[in-house]
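What follows is the residue order along each chain.
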Amino acid sequence: MPPKNAAAANSARRNGPQFKPPRPVNAPTQASATAQRAPATKKTTASGARPAFQRATEIVSSEDEQEEDAEDEDIDDDDLMEIDAPTRDTRTAQPASSMSNPIPAALLARLLYENFEDSNTQIQKGAMNLVGKYMEIFVREAFARAKNEREMGLRAGGISDGFLQVEDLEKLAPQLVLDF
Amino acid sequence: MASTDAAAEKEERLKSALWYSIGQFVDEECLNDDLNATPQFIGALTELVYTQIANTARDLEVFSKHGGRKVINTDDVMLLTRRNDALETMLKQELDRMKSAEGRADGQAVAGAHGKKRGRPAGTGKGKAKA
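Quick mapping for you: the protein sequence lines, in order, are chains Z and H. Quick note: our numbering has the first sequence finishing at residue 180, numbered continuously throughout. Quick note: our numbering has the second sequence finishing at residue 1131, numbered continuously throughout.
Hints were generated in silico from the structure; no laboratory data involved. This structure is a prediction, so every number in the text was calculated from the model and none was measured. For every residue, glycine included, the Cβ atom is placed at its ideal position computed from N, Cα and C. A hint or two may mislead.
[To be verified] To spell it out: a stretch of chain H is covered by chain Z in this simulated footprint if at least three of its residues, at any positions, have a beta carbon under 8 Å from a beta carbon of chain Z; those stretches are: (1) 1025-1037; (2) 1093-1105.
[Claimed, not checked] With a straight-line Cα cutoff of 16 Å, these simulated EDC-like cross-link-like pairs (lysine to aspartate or glutamate) come out: (3) H:Lys1065 / Z:Asp118; (4) H:Lys1015 / H:Glu1047; (5) H:Lys1065 / H:Asp1075; (6) H:Lys1065 / Z:Glu117; (7) Z:Lys125 / H:Asp1096; (8) Z:Lys125 / H:Asp1075; (9) H:Lys1015 / Z:Glu114; (10) H:Lys1070 / Z:Asp118; (11) Z:Lys125 / H:Glu1061.
[Said to hold, decoys possible] Computed spacing ranges between beta-carbons, pair by pair: (12) Z:Asp118 / H:Ala1006: 18 to 28 Å; (13) H:Ala1002 / Z:Gly157: 49 to 59 Å; (14) H:Glu1047 / Z:Lys125: 22 to 32 Å; (15) Z:Leu178 / H:Val1062: 14 to 24 Å; (16) Z:Gly153 / H:Ala1086: 24 to 34 Å; (17) H:Ala1002 / Z:Tyr113: 19 to 29 Å; (18) H:Lys1070 / Z:Gly162: 25 to 35 Å; (19) Z:Glu167 / H:Lys1065: 20 to 30 Å.
Using the sequences plus the hints, can you model the full thing?
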């Protein structure tokens, strides 16, 4: 539906001057991106249905501020996108899923229990939730640092195809593990 | 021999599940940032996170044993963050938020007494059996 809309707008513009409100240039590509994303978001929100988890807003380092900025820009995009109404639903659903935990709570609990040396060891529910938060911060931090590493590489004059590489992770892993 | 095979297979399955979750997360974040991640990156990140979880599990177990407990509580988790003040602040906030949410759920419980109370399910079970 949205691509068709955009195409119609383009052809109209070609035919003659007709009033159309300004729209973001990258709208069609974004729309297709959300279309791809839609099933994934549904899945993560369904499996990780844990409203108790807040988004990690107050974060430590500058990389995370960048991440936040990026998300703010995303929200701005949202506002623009609302001009073309049809995509609105999936767009508004998206920030909620980025709030959810990268590791589902059940999986994390299983992994912890598998790794206890003493099978009688137990863990409180509150402690479990806190470990979930801890691992969420760990994963987000790893991703943010990898992104930062990529940007630094780009600034140093390297060629980049916009792909996060294993080398980025290799560079950041030692410090990351020391920090956690 | 068969048991080690089974254990190895179980570990592989758990890693696959983790791989899937991490992959979902990375893909989503990448879309937000107009980036891409190689499958190798996701694999390596999975391995890193898996190792971190394994270490965390062992740490928590040892912490609670050292405290003379059989059940891991939130204090043990907070001890994980002892070398990173910023991380400690964040987890503290999360802990306070969780406690206040719980306090709202069952209003009569005092937040301070709460942690202790929940740490004792095994102990109180014995107490009841005696009485």
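Evaluated hints:
Evaluation of the coverage hint for the segment 1025-1037 of chain H: fulfilled, as 13 residues show C-beta separations to chain Z shorter than 8 Å, against a requirement of three. Chain Z is given as covering the segment 1093-1105 of chain H, and this holds because 8 residues of the stretch bring a CB closer than 8 Å to a CB of that chain, at least three being needed. At roughly 10 Å between alpha-carbon atoms, Lys1065 of chain H and Asp118 of chain Z fall within 16 Å of each other, so this suggested pair holds. Of the supplied pair hints, the one linking Lys1015 of chain H and Glu1047 of chain H holds, its CA atoms being roughly 8 Å apart against a limit of 16 Å.
The straight-line distance between the Cα atoms of Lys1065 of chain H and Asp1075 of chain H is roughly 12 Å, inside the 16 Å bound, and the hint therefore holds. Taken as a hint, the Lys1065 of chain H and Glu117 of chain Z pair is honoured in the structure, with Cα atoms around 12 Å apart against an allowance of 16 Å. Note on Lys125 of chain Z and Asp1096 of chain H: the hinted pairing holds, with a Cα-Cα distance of about 15 Å set against a maximum of 16 Å. A threshold of 16 Å between alpha carbons decides the hint, and for Lys125 of chain Z with Asp1075 of chain H the separation of about 13 Å falls inside it, so the pair holds.
Proposed proximity of Lys1015 of chain H and Glu114 of chain Z is supported: the alpha carbons are some 12 Å apart, at most 16 Å. Between Lys1070 of chain H and Asp118 of chain Z the alpha-carbon distance is near 10 Å, which keeps this suggested pair within the 16 Å criterion. Taken as a hint, the Lys125 of chain Z and Glu1061 of chain H pair is honoured in the structure, with Cα atoms around 15 Å apart against an allowance of 16 Å. The beta-carbon spacing between Asp118 of chain Z and Ala1006 of chain H, approximately 20 Å, falls within the hinted interval of 18 to 28 Å.
A hinted range of 49 to 59 Å holds for the C-beta pair Ala1002 of chain H and Gly157 of chain Z, which are about 55 Å apart. Restraint check, Glu1047 of chain H to Lys125 of chain Z: a C-beta distance of roughly 28 Å satisfies the suggested window 22 to 32 Å. Checking the proposed 14 to 24 Å range against Leu178 of chain Z and Val1062 of chain H shows it holds: the Cβ atoms sit about 19 Å from each other. Between Gly153 of chain Z and Ala1086 of chain H, the C-beta spacing of about 25 Å keeps the proposed range 24 to 34 Å intact.
Distance hint check: the CB atoms of Ala1002 of chain H and Tyr113 of chain Z are about 22 Å apart, consistent with the given range 19 to 29 Å. At about 50 Å, the CB distance of Lys1070 of chain H to Gly162 of chain Z disagrees with the hint of 25 to 35 Å. Here the CB-CB span from Glu167 of chain Z to Lys1065 of chain H is close to 39 Å, at odds with the stated 20 to 30 Å.
Hint compliance for this structure: hints 18 and 19 are broken, all remaining hints hold.
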